[in-house]
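Colleague: Residue numbers (my numbering), protein chains in the order written: chain A, 1 to 204; chain B, 1001 to 1207.
Hints are supplied without guarantee of correctness; some may be wrong.
[Unchecked claim] Here are the simulated lysine-lysine pairs, DSS-like style, with alpha carbons at most 27 Å apart:
no.	chain 1	residue 1	chain 2	residue 2
1	B	Lys1016	B	Lys1005
2	A	Lys137	A	Lys35
3	A	Lys105	A	Lys177
4	B	Lys1016	A	Lys32
5	A	Lys60	A	Lys137
6	A	Lys32	A	Lys177
7	A	Lys137	B	Lys1098
8	B	Lys1098	A	Lys9
9	A	Lys60	B	Lys1004
10	A	Lys169	A	Lys32
11	B	Lys1016	A	Lys177
12	B	Lys1016	B	Lys1004
13	A	Lys177	A	Lys9
Hints in this document: simulated from the structure, not taken from any laboratory.
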Amino acid sequence: MEELNLFVKSIFIDNMIFAYFLGMCSFLAVSKNVKTAFGLGIAVTFMLVVTMPINYMLDKYVLQPGALSWASDSLANVDLSFLGLIMFIAVIASGTQLVEMAVEKFSPSLYASLGIFLPLIAVNCAILGGALFMQQKEFPNAWTATVYGAGSGIGWLLAIVGLAAIREKIAYSNVPKPLRGIGITFIITGLMGIAFMSFLGIKL
Amino acid sequence: MISKKSKEAFFNPLSKDNPVLVQILGICSTLAVTASLEPAIVMGISVIVVMALSNVIISLIRNTIPTTIRIIVQLVVVAALVICVQQFLVAYDYDVSKQLSVFIGLIITNCILMGRLEAFALNNGPWPSFLDGIGNGLGYTIILVIVAAVRELFGSGSLLGFQVIPQWCYDHGYENNGLMILPPMALITVACIIWVHRARNPELMDN
Chain A
1 MEELNLFVKS
11 IFIDNMIFAY
21 FLGMCSFLAV
31 SKNVKTAFGL
41 GIAVTFMLVV
51 TMPINYMLDK
61 YVLQPGALSW
71 ASDSLANVDL
81 SFLGLIMFIA
91 VIASGTQLVE
101 MAVEKFSPSL
111 YASLGIFLPL
121 IAVNCAILGG
131 ALFMQQKEFP
141 NAWTATVYGA
151 GSGIGWLLAI
161 VGLAAIREKI
171 AYSNVPKPLR
181 GIGITFIITG
191 LMGIAFMSFL
201 GIKL
Chain B
1001 MISKKSKEAF
1011 FNPLSKDNPV
1021 LVQILGICST
1031 LAVTASLEPA
1041 IVMGISVIVV
1051 MALSNVIISL
1061 IRNTIPTTIR
1071 IIVQLVVVAA
1081 LVICVQQFLV
1091 AYDYDVSKQL
1101 SVFIGLIITN
1111 CILMGRLEAF
1121 ALNNGPWPSF
1131 LDGIGNGLGY
1141 TIILVIVAAV
1151 RELFGSGSLL
1161 GFQVIPQWCY
1171 DHGYENNGLM
1181 ILPPMALITV
1191 ACIIWVHRAR
1201 NPELMDN
């Protein structure tokens, strides 16, 4: 039950885009049509689900103060937490590389449809941000962290598909000239954010 | 020392080629840390430092990095610099570092850094790269400061924590606009800045 609450919460209430603005660059750049937006959303969700438990294990058994005590008693006082950032980004970058190679080998059609977005995921802030929030929230086990990753990814997917659908329609509207393109996209995202805030009052 | 090219590298990002308004890079942090002025300024300075140093380092080793693994090399250089900045902040300005929480760490994935490393530092010498880094960092900081000033002024009636709107305004029924503190208003503030900027620079408009 705990996990289900966390899942729903990370999709709607702690939405990566509307509550924390993570992964904004690709969110704005790749939301011109629904199909590519959906592909990128799936890729991001997948990377979050894969990297979250790995980073959780790393954090719990290597990085935290005293985490190395399982190896030997003399290491019990070692605190490696300052290395967190570099470890997480290495996991994410190499994970992206691996996933890219695996997808290319086993499913060339999916590889072709995702194209350049796969390697770009390494620098998507939503994934590193997910890892950092996971560290802050101090989940009890790796399974909870994975659920959190899946929820955040699906929240991101929902947001980008929604924005892409609105942008496809807005092509027919008469927007003031200086606002066309990126300006109006910012305003739409802002309004969507306000709409998502109505979930804030929900207690789970 | 200051050739035309270096001059362009430094001054273009301030307005005509601004990383936030024109290149649309580094949006995440622009929006997330601008609820009040102090963290925005700290964030801006951190980005300038990381950016200038990483540009110089990558530009110095640009001929020895194999192109296939350059992204990982760049990420590692940036991550090492960000860790230094983070430790420095925790040591000397703990409150602000708590407020910025994960966003200092997220400088690593700030697209301005990767964008400039890829587009400029990989093809240019250390000195122009240094200027490019400082210029883009400043361009980013200017937007950050404007957005944060607007949001803090209307949202809490203060600037840098000092009360700016006098008490008699409140006595006569003025209220702080709580909406300005909330995240979505950051997007709308940036949209207004883009609107003004494009209206003044018609060559940037989309058709």
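Colleague: Indicate, hint by hint, whether the structure satisfies it.
Modeller: Hints, one by one, checked against the model:
1. At most 27 Å may separate the alpha-carbon atoms for a hinted pair to count; Lys1016/B and Lys1005/B meet this at roughly 15 Å.
2. Pair hint Lys137/A plus Lys35/A does not hold up; C-alpha atoms about 33 Å apart against a cutoff of 27 Å.
3. A threshold of 27 Å between alpha carbons decides the hint, and for Lys105/A with Lys177/A the separation of about 46 Å lies outside it, so the pair is violated.
4. Proposed proximity of Lys1016/B and Lys32/A is supported: the alpha carbons are some 25 Å apart, at most 27 Å.
5. Simply put, Lys60/A and Lys137/A have alpha-carbon atoms about 13 Å apart, close enough for the 27 Å limit, and the pair holds.
6. With a C-alpha separation of about 18 Å, the suggested pairing of Lys32/A with Lys177/A holds against the 27 Å cut-off.
7. Our distance criterion of 27 Å between C-alpha atoms is met by Lys137/A and Lys1098/B, whose separation comes to about 14 Å.
8. A hinted pair counts as satisfied when its Cα atoms are at most 27 Å apart, and Lys1098/B with Lys9/A qualifies at roughly 24 Å.
9. Annotation: proposed proximity of Lys60/A to Lys1004/B is violated, straight-line Cα distance about 52 Å (limit 27 Å).
10. With a C-alpha separation of about 10 Å, the suggested pairing of Lys169/A with Lys32/A holds against the 27 Å cut-off.
11. A threshold of 27 Å between alpha carbons decides the hint, and for Lys1016/B with Lys177/A the separation of about 18 Å falls inside it, so the pair holds.
12. Proximity of Lys1016/B to Lys1004/B is assessed by CA-CA distance (about 16 Å); at most 27 Å being required, the pair is judged to hold.
13. Note on Lys177/A and Lys9/A: the hinted pairing is violated, with a Cα-Cα distance of about 38 Å set against a maximum of 27 Å.
Taken one by one, the earlier hints fail for this structure at numbers 2, 3, 9 and 13, listed in ascending order.
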